[in-house]
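Q: Quick note, the sequences are listed as chains A and B, same order. Going letter by letter, the first sequence gives residues 22 to 134 in my numbering. Going letter by letter, the second sequence gives residues 197 to 309 in my numbering.
In case anyone wonders, no lab produced these hints; they're calculated from the structure. Glycine included, each C-beta is placed from N, C-alpha and C at the ideal position. A hint or two may mislead.
[Unchecked claim] Straight-line distance between alpha carbons at most 20 Å, and here's what the computed DMTMM-like set of lysine to aspartate or glutamate pairs gives: (1) B/233 <-> A/59; (2) B/301 <-> A/59; (3) A/30 <-> B/235.
[Claimed, not checked] What follows is a set of in silico ranges between Cβ atoms, one per label pair, in the way DEER data are often shown: (4) A/73 <-> B/225: 25 to 31 Å; (5) A/94 <-> B/206: 18 to 24 Å; (6) B/251 <-> A/82: 20 to 26 Å; (7) A/38 <-> B/275: 46 to 52 Å; (8) B/212 <-> A/73: 46 to 52 Å; (9) B/263 <-> A/22: 34 to 40 Å; (10) B/211 <-> A/33: 24 to 30 Å; (11) A/130 <-> B/241: 16 to 22 Å; (12) B/199 <-> A/86: 23 to 29 Å; (13) A/130 <-> B/225: 40 to 46 Å; (14) A/39 <-> B/256: 45 to 51 Å; (15) A/60 <-> B/222: 23 to 29 Å.
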Amino acid sequence: NAGVTQTPKFRVLKTGQSMTLLCAQDMNHEYMYWYRQDPGMGLRLIHYSVGEGTTAKGEVPDGYNVSRLKKQNFLLGLESAAPSQTSVYFCASSSPPSVRTQYFGPGTRLTVL
Amino acid sequence: GENVEQHPSTLSVQEGDSAVIKCTYSDSASNYFPWYKQELGKRPQLIIDIRSNVGEKKDQRIAVTLNKTAKHFSLHITETQPEDSAVYFCAASRFSGNTPLVFGKGTRLSVIA
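Let the hints inform the model, and build the full structure from the sequences given.
A: What follows is the structure, given as C-alpha cells:
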C-alpha cells in the first residue's frame, strides 16, 4: 500500500495563477483532510470531507476550493494564488468511527511569488 | 468551537533527561487527545493518543496524562534520545461524529547529546 500520496511535491506559482493539488489514498478511508502548515502556526485545517461527494469548511477555507468526486481522491484548488498562500500543504485521511488516527501524505511545498 | 493551546513552543533538554509538553483545550465535549510527531522535512505521525475514559496511557518511553476537570493533557518523554528531536503537536476532538481534530501550534523539541 502506498498510503497517502500527494502530487506535486513542489510548485512555484506567480500571483494570480491557478493550480490543483491532488491527494490520493489507497486505504479505503472515508474521511480526508487538507491542512496548511506555516512556521509557528501548527496545522490548520482548510477543508475536509466525510465521504465521497461531500466537503466542509475548516478553519482557513478562504481562497481554496475542494472536490471529492471519488472516495480515494481529494483535490485542493487555488483559483487565483496569492503570496499569503505560500505554505506546505498536507493531506490526511482517516476512517472513523472506530479509528481516528490520521495518516498524512508527504506534503506539497508551494511558493507563490 | 474547540481551541487548543500548546506550551512551550520550543524546548531543549539534555540527552537522558525528561521532556514535558502541555496542552489545554476549551471544549468540554472533547474526549479524544492524540499526539503527533513531525521530524524535520517529514509528515506528522501519530505517536500516542488517549481517550477521556482513562487518565494516563504509556507506551515505552512516552506517556500522556489527562486532567478532564482542568481541561489539560500532557506528553511526557523519559530518557530522551537525539532521535526524539522533532516538532510535537497535540490535538483534541470528539471521538465520534464528524468533528475534525483541532491541533495545537506545536512544540519544537531539541535533545542535546
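Q: So, for every hint listed, does it hold in this structure?
A: Against the structure, the hints come out as follows:
no.	hint	in the structure
1	B/233 <-> A/59	16 Å, holds
2	B/301 <-> A/59	10 Å, holds
3	A/30 <-> B/235	17 Å, holds
4	A/73 <-> B/225: 25 to 31 Å	28 Å, holds
5	A/94 <-> B/206: 18 to 24 Å	37 Å, violated
6	B/251 <-> A/82: 20 to 26 Å	36 Å, violated
7	A/38 <-> B/275: 46 to 52 Å	50 Å, holds
8	B/212 <-> A/73: 46 to 52 Å	49 Å, holds
9	B/263 <-> A/22: 34 to 40 Å	38 Å, holds
10	B/211 <-> A/33: 24 to 30 Å	39 Å, violated
11	A/130 <-> B/241: 16 to 22 Å	19 Å, holds
12	B/199 <-> A/86: 23 to 29 Å	26 Å, holds
13	A/130 <-> B/225: 40 to 46 Å	36 Å, violated
14	A/39 <-> B/256: 45 to 51 Å	47 Å, holds
15	A/60 <-> B/222: 23 to 29 Å	24 Å, holds
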